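Please arrange chain B on chain A, whose structure you already have, making use of the hints.
Those protein sequences? They're chains A and B, same order as listed. Residue 68 in this note's numbering is what sits at position 68 of the first sequence, and the numbering runs on without skipping anything. Residue 20 in this note's numbering is what sits at position 20 of the second sequence, and the numbering runs on without skipping anything.
If you are wondering where the hints come from, they were derived from the structure by calculation, not from laboratory data. Just so it is clear, the structure is predicted and the values come from calculations on it, not from any experiment. Treat the hints loosely; a few may be bogus.
Put simply, identical chains are the same to the list, so a pair is met inside one copy or across any two.
Said to hold, decoys possible - Simulated crosslink set (DSS-like; lysine-lysine; CA at most 25 Å straight-line):
(1) Lys10 / Lys111
(2) Lys21 / Lys111
(3) Lys164 / Lys102
(4) Lys111 / Lys33
There are 2 protein chains.
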Amino acid sequence: MKLLEERILKDGILAEGDVLKVDCFLNHLMDVKLFHEMGMEFKRLFADKPINKILTIEASGIGIACVVAECFDVPVLFAKKAQSVNLSGEVYTTKVESFTHKRTYDVMVSKKFIGPQDHVLIVDDFLANGCALQGLIELVEAAGATVEGIGICIEKGFQQGGKKIRDMGIQLESLAIVDAMNPETGEIRFREQ
Amino acid sequence: MKLLEERILKDGILAEGDVLKVDCFLNHLMDVKLFHEMGMEFKRLFADKPINKILTIEASGIGIACVVAECFDVPVLFAKKAQSVNLSGEVYTTKVESFTHKRTYDVMVSKKFIGPQDHVLIVDDFLANGCALQGLIELVEAAGATVEGIGICIEKGFQQGGKKIRDMGIQLESLAIVDAMNPETGEIRFREQ
Numbered sequence: 001m002k003l004l005e006e007r008i009l010k011d012g013i014l015a016e017g018d019v020l021k022v023d024c025f026l027n028h029l030m031d032v033k034l035f036h037e038m039g040m041e042f043k044r045l046f047a048d049k050p051i052n053k054i055l056t057i058e059a060s061g062i063g064i065a066c067v068v069a070e071c072f073d074v075p076v077l078f079a080k081k082a083q084s085v086n087l088s089g090e091v092y093t094t095k096v097e098s099f100t101h102k103r104t105y106d107v108m109v110s111k112k113f114i115g116p117q118d119h120v121l122i123v124d125d126f127l128a129n130g131c132a133l134q135g136l137i138e139l140v141e142a143a144g145a146t147v148e149g150i151g152i153c154i155e156k157g158f159q160q161g162g163k164k165i166r167d168m169g170i171q172l173e174s175l176a177i178v179d180a181m182n183p184e185t186g187e188i189r190f191r192e193q
Numbered sequence: 001m002k003l004l005e006e007r008i009l010k011d012g013i014l015a016e017g018d019v020l021k022v023d024c025f026l027n028h029l030m031d032v033k034l035f036h037e038m039g040m041e042f043k044r045l046f047a048d049k050p051i052n053k054i055l056t057i058e059a060s061g062i063g064i065a066c067v068v069a070e071c072f073d074v075p076v077l078f079a080k081k082a083q084s085v086n087l088s089g090e091v092y093t094t095k096v097e098s099f100t101h102k103r104t105y106d107v108m109v110s111k112k113f114i115g116p117q118d119h120v121l122i123v124d125d126f127l128a129n130g131c132a133l134q135g136l137i138e139l140v141e142a143a144g145a146t147v148e149g150i151g152i153c154i155e156k157g158f159q160q161g162g163k164k165i166r167d168m169g170i171q172l173e174s175l176a177i178v179d180a181m182n183p184e185t186g187e188i189r190f191r192e193q
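So that you can see chain A by itself, here it is in the shape it has in the complex:
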């Protein structure tokens, strides 16, 4: 998606350790107009899928998922990272390792809100090693629901997550795939799509 690639080139900041900081429009300050454009693009890419629910994971996925959900006219379910007194009843749960926070989370969704009737689009801001996505796929499968596709804003194509997910036969659409980045020169190379 040219609009997103241009924005990454304009505002993204590279740092050591394969960090691409896009906190000025994607995951701290959030440009909801851009989110809407991304939502319309996902709607185009998944036009033939009977999606009735969007699943994401807290925290930074939630904003994008909600704006995307407006484009699909469906509700959002977000997986929670810790047990909460407001999350009673039975839950589906899995473990996710966070690249950003260097730790492992318990992630869960309430069984009340996902089941065999659901055709799910998973949405998240970043895809790197794919741990968060694999956790979300496990939650959908545990519920007997169907993963219709995965919509990602930025994929780090030089990490293994994207390949792993595509090898599972799931339609994965990343609006920008960074194949190489160099924090010394500031160069970012995108995959042709």
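Frame of chain A; chain B shown alone:
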């Protein structure tokens, strides 16, 4: 807001300990159509304010804030609950006690994304004792920005947060104010607005 009050009566669940569970439309499964209606109502209520940024706190505030932000045509900044490797540079920070999670968080926003030029609408899903809001107000004030108002989905009117905030002279609009609730009978009484 009649639409929200009716939804609370229809789908809200009361539990011991003054818990009002609205996880089927507000803070786990998220009804983005309802969020849009709430956004339009906030737009009406704050029509005379020069709002150029919406501030919320992770996690469940983010979805509402992003949909509301589309109605205002402004970006969202969300306060983060823990230090992250993606949050470099200088931050404004404060401490917030969570009613839901029974613990205290460090909450922060990057100094890059808020300053004296900002006229901020604070948005959150719940207002009970007001600790989260007081933390967000402190962050705005530390940045030299202006709190133009606060938009809340559900206020627990029998707790002290709303009164404290209104006594500060801030325009606080809660779309539904629960003045009393009885988990034994299931009765919920709303404040006339």
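Could you tell me which of the hints above the structure violates, numbers in ascending order?
-> The structure conflicts with no hint, since it agrees with every one listed earlier.
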